[in-house]
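There are 2 protein chains.
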Amino acid sequence: MTTHLHVKTATASYDFVIGSGLFSEAGHRLPELGVQKDAHIFIVTDDTVNQLGYAEQIRQAVREAGYDCTLASVPPGDGSKSLEMAEELYLEMLDAGVRRSGVVIAVGGGVVGDLAGFVAATYQRGVRFIQAPTTLLAHDSSIGGKVGVNLKRGKNLVGAFHQPLAVWMDVDALKSLPKREWRGGMAEVIKHGMIGDKALFERLEKSPALDVPDSSQVETLIARAASVKIRIVEQDERESNLRMVLNLGHTVGHAVEQVSHYELNHGEAVAIGIRVETEIAHEKRLVTAEERRRIIRILERHGLPVKPPAFSLESIIETLNYDKKHTGKSWTFVLPNAIGGVKIVHDVTYEDVKRAWEIAQKET
Amino acid sequence: MTTHLHVKTATASYDFVIGSGLFSEAGHRLPELGVQKDAHIFIVTDDTVNQLGYAEQIRQAVREAGYDCTLASVPPGDGSKSLEMAEELYLEMLDAGVRRSGVVIAVGGGVVGDLAGFVAATYQRGVRFIQAPTTLLAHDSSIGGKVGVNLKRGKNLVGAFHQPLAVWMDVDALKSLPKREWRGGMAEVIKHGMIGDKALFERLEKSPALDVPDSSQVETLIARAASVKIRIVEQDERESNLRMVLNLGHTVGHAVEQVSHYELNHGEAVAIGIRVETEIAHEKRLVTAEERRRIIRILERHGLPVKPPAFSLESIIETLNYDKKHTGKSWTFVLPNAIGGVKIVHDVTYEDVKRAWEIAQKET
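The listed protein sequences correspond, in order, to chains W and Y.
With the working numbering, the residue at position 127 of the first sequence is 845, and numbering never jumps.
With the working numbering, the residue at position 359 of the second sequence is 1077, and numbering never jumps.
Quick caveat, the hints were computed from the structure, so don't treat them as lab data.
We treat Cβ as the ideally placed atom computed from N, Cα and C, and that holds for glycine.
Do not rely on the hints blindly, as some may be mistaken.
[What the hints assert, rightly or not] Stretch by stretch, here's where chain Y covers chain W in the computed footprint (C-beta under 8 angstroms, at least three residues):
(1) 863 to 871
(2) 874 to 883
(3) 887 to 896
(4) 933 to 947
Same shape as in the complex, but just chain W (with noise of 0.2 angstroms):
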């Protein structure tokens, strides 16, 4: 079986496609997606899924199908999300030959998709370019066109907004998953659930995903949570008002992931600034009691971080005045508003954060 969720945003319009066997089709797709046999095919992996096969295979069938292509692999982990690695991926593409007809196949998890999009976005004015994720976490960032590298200063403050010609996310990619990895993701999933589908919230708090289900489960798993995402960007491509619900537990699950040094991944940084901003819903009556504790509850039972690490708050509060999300004088937030729905809040001070804090550490 094979869904295909279509994404239509002002500029784009494209396939997320989820699947068994994606990429060893790869060969018959990128024809069916205009792409000439005279493009040169650049592949962009880490060492990690290089080694697991995963870049090869697309590799094998798109050389097979008559196209030129390469494929460069960068260290696994955020550090290759930088400016330096951004260069030496267009010296590869330079020396590869590839021109503007060429595109970019991002082989990997989120660091793979929004360094190579940055790349594509920016390579001789802009390529075209493909995700292929192959981690749980990236269902998200591989959706919506946001793509970057980090200063050493913060995440993401340098990119572009760079849509995609296609998203081929394969599940049996998934099945190589690390456990710890695949919880990561499940939190960007009980994310999109607590935004936009109560119902995948409430199956996920009856049999929680704790470890990667049989395909045909995943791939329902995934097309329910892209589809939150996949309505919010196609309705705010750019960011301007909507489109920031999706941050729910990012302003602080950012700030908490930079302060641990990445130590904490993506998901497990996202399940505490969930945490974190639940509180401060609770503590404004955005949600009640019980919700907080069904929200703390199904964050637990999926194996996820509810705790904040023993961090001085002013590290947090420092990193969050950096972050682009911090427009004024108090900060925006958006906080779960019931299950199922989210608000968007403009006046978190600081005391609010400081209270939601020391509640996340004590209780649970």
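Add chain Y to chain W, keeping to what the hints say.
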């Protein structure tokens, strides 16, 4: 007098404004462009232009109008169009507290416009930007949204399309332009005449603008040249086809500029490019002997070089092969077609370039 030329592309709509005293009106112009008072204005200039006071003039006007404003100055010259310099500017913007509501103003020539525009296109996934060109050459580069930086391997290999909010061409700034810079800019004015304004070409044949004429004449000259470019970018924002005609003189010109290690300025290199490409056009009977003579003479009468320097042809060919305009086994060139028109020719061979290069080196 102030001339407003309206530019309307598929994704943007803005004014190219030409006049005297524009920079000191910046404080009034920003609100008219919808820039609110909480937007941080980040001016990028280079040390040469900075010493002439233009950036300061804008900063003062903007501050008097109640905006926060920071000025950053980079070393003059093409060397500043680098990823490293872009990174320095990102960090200065973070230090200054520029958020997504901020506006970058590029005050200077093409290098500053391309660099600052690239930084604006990618800082926090894109902030608004205004071009305030201070050179004649930049009448060309400030229209059309092409921004970018160089890699060591070649010019403009990294970039984006990012349309400005406005272009402010203050003709007062041109008065301080060194003669050599003015004449370099005239190469692009002549190019625009050759592409689409025969009357402009004939006017310059009659009375060459060897040095900066008085303000009203400059205004007319720039308005006519800019109009040719605007008409073309309006129809083809992303250089898919039609916009290619603007590359007249640039295929050979870029290679010459690069092989000269930028000893030749851009306009001088373009003049040599126009000359060599005119020889190709003459061999292909696209221009008559008389038209060829007129093109060579108009360049000479503007103090521009028409003979290729003593580089080896091979160094030029090598650079052409890296150039993004080379899309297959032969090269695609834009060639003059009579006066006031061009033709895109897809099958220009090595032999064609060699013959033209040799003729241009020998004859005048």
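Results of checking the hints against the structure:
no. : hint       : verdict
1   : 863 to 871 : holds (count 4)
2   : 874 to 883 : holds (count 6)
3   : 887 to 896 : violated (count 0)
4   : 933 to 947 : violated (count 0)
Hint compliance for this structure: hints 3 and 4 are not met, and every other hint is.
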